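J.: Let the sequences and hints guide you as you build the complete structure.
Residue numbers (the UniProt record's numbering): 1 to 621.
In case anyone wonders, no lab produced these hints; they're calculated from the structure. Be careful, since some hints might not be right.
Now the in silico label distances, taken between C-beta atoms and shown as ranges [as the list claims (entries may be wrong)]:
no., residue 1, residue 2, range
1, 496, 303, 51 to 57 Å
2, 307, 371, 30 to 36 Å
3, 102, 171, 41 to 47 Å
4, 277, 435, 44 to 50 Å
5, 61, 405, 46 to 52 Å
6, 430, 84, 47 to 53 Å
7, 456, 392, 30 to 36 Å
8, 346, 392, 15 to 21 Å
9, 79, 313, 43 to 49 Å
10, 102, 313, 43 to 49 Å
11, 442, 340, 51 to 57 Å
12, 129, 84, 24 to 30 Å
13, 405, 178, 52 to 58 Å
14, 102, 61, 23 to 29 Å
Pairs of lysine-lysine, DSSO-like flavour, derived with a Cα cap of 27 Å [claimed, not checked]:
no., residue 1, residue 2
15, 422, 337
16, 353, 280
17, 319, 301
18, 212, 337
19, 421, 212
20, 212, 482
21, 271, 341
22, 353, 271
23, 341, 212
24, 271, 301
25, 410, 422
26, 297, 318
27, 301, 291
28, 337, 271
29, 291, 337
30, 372, 353
31, 318, 301
32, 297, 280
33, 341, 318
34, 422, 432
35, 206, 432
36, 338, 301
37, 291, 318
38, 341, 432
39, 280, 301
40, 390, 338
This structure is a prediction, so every number in the text was calculated from the model and none was measured. Glycine residues also receive a C-beta, built at the ideal position from the N, C-alpha and C atoms.
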Amino acid sequence: MRFVYLRDLWFLISSVCSISFKYFLWIETNFFRVVYLGTGYWLFWSIFLLSFAAVMVTYTSLLLILGSLLLWERIELYLHTCHKILIMIMITLCTFILSVVCIFWKDKWLIAGLSLQIFAPVVQPISIIVMVILSWPLAMYVGCLEREVIKRRRKITPYEKARLRRCNIFTRLRALQIAAGLPFFLILLCLYAMPLGVYSPCIQEKEELGPKPVFFAHRGAPMAGPENTVMAFEKAVEQGAYGLETDIHVSFDHVPYLMHDYDLRRTTNIKEVLPEDAFKHPAFFTWDFLKTLNAGKWFIKPERRPFFNMGPISEADKKRASNQSIPQLTDLLEIAKKEQKFLIFDLFGPPPKHPLRNTFVREVVRVILDSKIAQHLIFWLPSHDREYVKYMAPGFQHVGRLLSIEDLAKENINIINVDYKKLFYSGLRDYKAANININLYVVNEPWLYSLAWCSRINSVTTDNIPLLSQLNHPQFFMSPTKYLFIWLFTDIVSAVFIIAIFFYWEHNERGEVSRLPVKPPARIAQTPWIPIPLQPALTRNVQKHPESFHFVQAPKNKITPLTPIDTDDKSVMSTEIIEHTQASPWEDNSESTFQTTVTSLKTDELAELGIIPYPPHGHWP
Numbered sequence: 001m002r003f004v005y006l007r008d009l010w011f012l013i014s015s016v017c018s019i020s021f022k023y024f025l026w027i028e029t030n031f032f033r034v035v036y037l038g039t040g041y042w043l044f045w046s047i048f049l050l051s052f053a054a055v056m057v058t059y060t061s062l063l064l065i066l067g068s069l070l071l072w073e074r075i076e077l078y079l080h081t082c083h084k085i086l087i088m089i090m091i092t093l094c095t096f097i098l099s100v101v102c103i104f105w106k107d108k109w110l111i112a113g114l115s116l117q118i119f120a121p122v123v124q125p126i127s128i129i130v131m132v133i134l135s136w137p138l139a140m141y142v143g144c145l146e147r148e149v150i151k152r153r154r155k156i157t158p159y160e161k162a163r164l165r166r167c168n169i170f171t172r173l174r175a176l177q178i179a180a181g182l183p184f185f186l187i188l189l190c191l192y193a194m195p196l197g198v199y200s201p202c203i204q205e206k207e208e209l210g211p212k213p214v215f216f217a218h219r220g221a222p223m224a225g226p227e228n229t230v231m232a233f234e235k236a237v238e239q240g241a242y243g244l245e246t247d248i249h250v251s252f253d254h255v256p257y258l259m260h261d262y263d264l265r266r267t268t269n270i271k272e273v274l275p276e277d278a279f280k281h282p283a284f285f286t287w288d289f290l291k292t293l294n295a296g297k298w299f300i301k302p303e304r305r306p307f308f309n310m311g312p313i314s315e316a317d318k319k320r321a322s323n324q325s326i327p328q329l330t331d332l333l334e335i336a337k338k339e340q341k342f343l344i345f346d347l348f349g350p351p352p353k354h355p356l357r358n359t360f361v362r363e364v365v366r367v368i369l370d371s372k373i374a375q376h377l378i379f380w381l382p383s384h385d386r387e388y389v390k391y392m393a394p395g396f397q398h399v400g401r402l403l404s405i406e407d408l409a410k411e412n413i414n415i416i417n418v419d420y421k422k423l424f425y426s427g428l429r430d431y432k433a434a435n436i437n438i439n440l441y442v443v444n445e446p447w448l449y450s451l452a453w454c455s456r457i458n459s460v461t462t463d464n465i466p467l468l469s470q471l472n473h474p475q476f477f478m479s480p481t482k483y484l485f486i487w488l489f490t491d492i493v494s495a496v497f498i499i500a501i502f503f504y505w506e507h508n509e510r511g512e513v514s515r516l517p518v519k520p521p522a523r524i525a526q527t528p529w530i531p532i533p534l535q536p537a538l539t540r541n542v543q544k545h546p547e548s549f550h551f552v553q554a555p556k557n558k559i560t561p562l563t564p565i566d567t568d569d570k571s572v573m574s575t576e577i578i579e580h581t582q583a584s585p586w587e588d589n590s591e592s593t594f595q596t597t598v599t600s601l602k603t604d605e606l607a608e609l610g611i612i613p614y615p616p617h618g619h620w621p
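T.: Here's what the structure looks like:
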């Protein structure tokens, strides 16, 4: 059987792995959400790309399955050019997106590393299952090589042995087996030992699990109402938020108000009202103008919705959202005071030439104190002019950034508000050992919230309180004993399956070779003219070149003419003639003709000449 090449199969395997990894990375890094935050619009071509990537993952997976089945049936796999072009386009597209992420959003790679921590209990079993699946075509490939070796050894002749020693064909076949099998088994051994080097905070005893982190509503409830509006904060209170988070700018006429962006284009109708000032910094507008802008109509437009996975909005909420305006800080203080909710905020300093360029902190502190809200409800995050704040409002809870423990202790701060992507790589254990309360932002995915829960994080800032509040226990949470059982069970069962697969293919290939038809040993024709005692009388020349006919000079003192067999014995002659004249399937007509010619000679003529005819390979066919 012809040799089976697996080049296209390995191409498919590498393509499936590559595209699947990149598709997973796109989802985990929320790439298209980043595009929305930068442009203010959901680009539908990006959704098309995501859908196209999902289709291509399925497409290449089906091609891989089909290719494996074809090779199983001993049919060589040749990918059509169209398949190769589509796969290469997808790989190029994925590589381009990854390049953009590497250049502009390097911190997104940290998300992939964190996801491996929470998915550690299932990554190893899934990887080993994939290796078991891949062992089938690999074992088939190694088996084909083994069969080729066996077949060549059975067909080899003395002359071919010398030639094969020079070209080392068997060494090459063995090298192919090692090149295909060694990397596979090295990767498999690494996967078997992977749990020894994997840390997952969700692998712990149930008694050691900390309390569930509480929620700070990020700009209110941005999935239920326009962000940083009264409607959004009231929705957050209804959802059970522990605290409210917002962003504050100060207008040109000294009024603190709620706004996140550095211009008004995304969340207001400034482009309709005053398009020439659409890119103007919001701190340069007066409150009399700001309060006239609509801050909610953008929310109900399908192309402007802030989250692609938002639920449906009722008609009443749409009507209410379309009437929202920019709120002052005092509006939010009233809600927090009434509902006894904690309040944390980012305070943006005004740009140069603003009248409160250097005193904006004092103006905001004055507004908060005038509202008569309980001071312990304020989580003060701005670091500017902190000493003044401590003096004027000693009841505020001061919150720091990702500072060293020594700096936090120096400023008497025991709460930090940090980006989750940075905290888990910057000494989380040290902060917990120093009894520092930690708030993470922005946590929207259940797996990320589970990671924070298992790490004993105190609170998280989130856009999706309804989803996260439904979790009664962390995802992939298990005890060390259970994980040890899964680890050992997976390793043992997979090892048995892989050994069985390789044994099956080796036994199958050897059995197939043994069933091949073998040329029977040559027989000497029992004719009156061929003496059996002369068969071993070969010269070195005959042994060295067995493929050609030779006439050997017989010694006269040892050879005597033979008496022909009585041709009247019909039974003997019929058997011998049949045996002599019936050529085997492997003989050609030229050999039969030559045999007939030689046997027609008379013994006395041969004896007189002293010549004995000798056939190829030292015998008559």
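J.: Look at each hint and say if it fits the structure.
T.: Do the hints match the structure? See the list:
The hinted range of 51 to 57 Å is satisfied by residue 496 and residue 303, whose Cβ atoms lie roughly 55 Å apart. For the pair residue 307 and residue 371, the supplied restraint of 30 to 36 Å holds, since their beta-carbon distance comes to about 31 Å. Judged by the Cβ atoms, the range 41 to 47 Å given for residue 102 and residue 171 holds: they are separated by roughly 43 Å. Taking the beta carbon of each, residue 277 and residue 435 are about 49 Å apart, inside 44 to 50 Å as hinted.
Range check, residue 61 to residue 405: about 49 Å between beta-carbon atoms, so the 46 to 52 Å window is met. A hinted range of 47 to 53 Å for the beta carbons of residue 430 and residue 84 is consistent with their spacing of about 52 Å. Between residue 456 and residue 392 the CB atoms are about 34 Å apart, so this pair conforms to the stated range of 30 to 36 Å. Judged by the Cβ atoms, the range 15 to 21 Å given for residue 346 and residue 392 holds: they are separated by roughly 20 Å.
Here the CB-CB span from residue 79 to residue 313 is close to 47 Å, well matched to the stated 43 to 49 Å. For the pair residue 102 and residue 313, the supplied restraint of 43 to 49 Å is violated, since their beta-carbon distance comes to about 37 Å. As the Cβ distance of residue 442 to residue 340 is approximately 24 Å, the hint placing it in 51 to 57 Å is violated. Between residue 129 and residue 84 the beta carbon distance is about 28 Å. The supplied range of 24 to 30 Å therefore holds.
Roughly 53 Å separates the CB atoms of residue 405 and residue 178, a value that falls within the hinted 52 to 58 Å. In this structure the hint that residue 102 and residue 61 lie 23 to 29 Å apart at CB holds, the actual value being about 26 Å. At most 27 Å may separate the alpha-carbon atoms for a hinted pair to count; residue 422 and residue 337 exceed this at roughly 33 Å. Between residue 353 and residue 280 the CA atoms are separated by roughly 14 Å; this keeps the pair inside 27 Å, and the hint holds.
In summary, the hint linking residue 319 to residue 301 is supported, as the alpha carbons are separated by about 12 Å, within the 27 Å threshold. A C-alpha spacing of about 25 Å is found between residue 212 and residue 337, which places the hinted pair at or below 27 Å, so the restraint holds. Of the supplied pair hints, the one linking residue 421 and residue 212 holds, its CA atoms being roughly 20 Å apart against a limit of 27 Å. About 22 Å separates the Cα atoms of residue 212 and residue 482, which keeps this hinted pair within 27 Å; it holds.
With a C-alpha separation of about 35 Å, the suggested pair residue 271 and residue 341 falls outside the 27 Å cut-off, and the hint is violated. Taking the CA atoms of residue 353 and residue 271, the gap is about 24 Å. The hint holds against a cut of 27 Å. Annotation: proposed proximity of residue 341 to residue 212 holds, straight-line Cα distance about 18 Å (limit 27 Å). Distance check on the hinted pair: residue 271 and residue 301 sit about 16 Å apart at the alpha-carbon level, within 27 Å; holds.
A threshold of 27 Å between alpha carbons decides the hint, and for residue 410 with residue 422 the separation of about 22 Å falls inside it, so the pair holds. In summary, the hint linking residue 297 to residue 318 is supported, as the alpha carbons are separated by about 8 Å, within the 27 Å threshold. The suggested pairing of residue 301 with residue 291 holds, with an alpha-carbon distance near 21 Å, which does not exceed 27 Å. Among the hinted pairs, residue 337 with residue 271 is inconsistent with the structure: their alpha-carbon atoms are about 35 Å apart, more than 27 Å.
For the proposed pair residue 291 and residue 337, the alpha carbon gap of about 23 Å is at most 27 Å, so the pair holds. A distance of roughly 31 Å separates the Cα atoms of residue 372 and residue 353; the hinted pair therefore is violated under the 27 Å criterion. Of the pairs offered as hints, the one joining residue 318 and residue 301 holds, with about 10 Å between alpha carbons and a cut-off of 27 Å not exceeded. A threshold of 27 Å between alpha carbons decides the hint, and for residue 297 with residue 280 the separation of about 21 Å falls inside it, so the pair holds.
A hinted pair counts as satisfied when its Cα atoms are at most 27 Å apart, and residue 341 with residue 318 qualifies at roughly 26 Å. Simply put, residue 422 and residue 432 have alpha-carbon atoms about 15 Å apart, close enough for the 27 Å limit, and the pair holds. A distance of roughly 19 Å separates the Cα atoms of residue 206 and residue 432; the hinted pair therefore holds under the 27 Å criterion. For the given pair, residue 338 sits about 32 Å from residue 301 by alpha-carbon distance, which is inconsistent with the 27 Å threshold.
About 20 Å separates the Cα atoms of residue 291 and residue 318, which keeps this hinted pair within 27 Å; it holds. In summary, the hint linking residue 341 to residue 432 is supported, as the alpha carbons are separated by about 25 Å, within the 27 Å threshold. For the given pair, residue 280 sits about 24 Å from residue 301 by alpha-carbon distance, which is consistent with the 27 Å threshold. At most 27 Å may separate the alpha-carbon atoms for a hinted pair to count; residue 390 and residue 338 meet this at roughly 24 Å.
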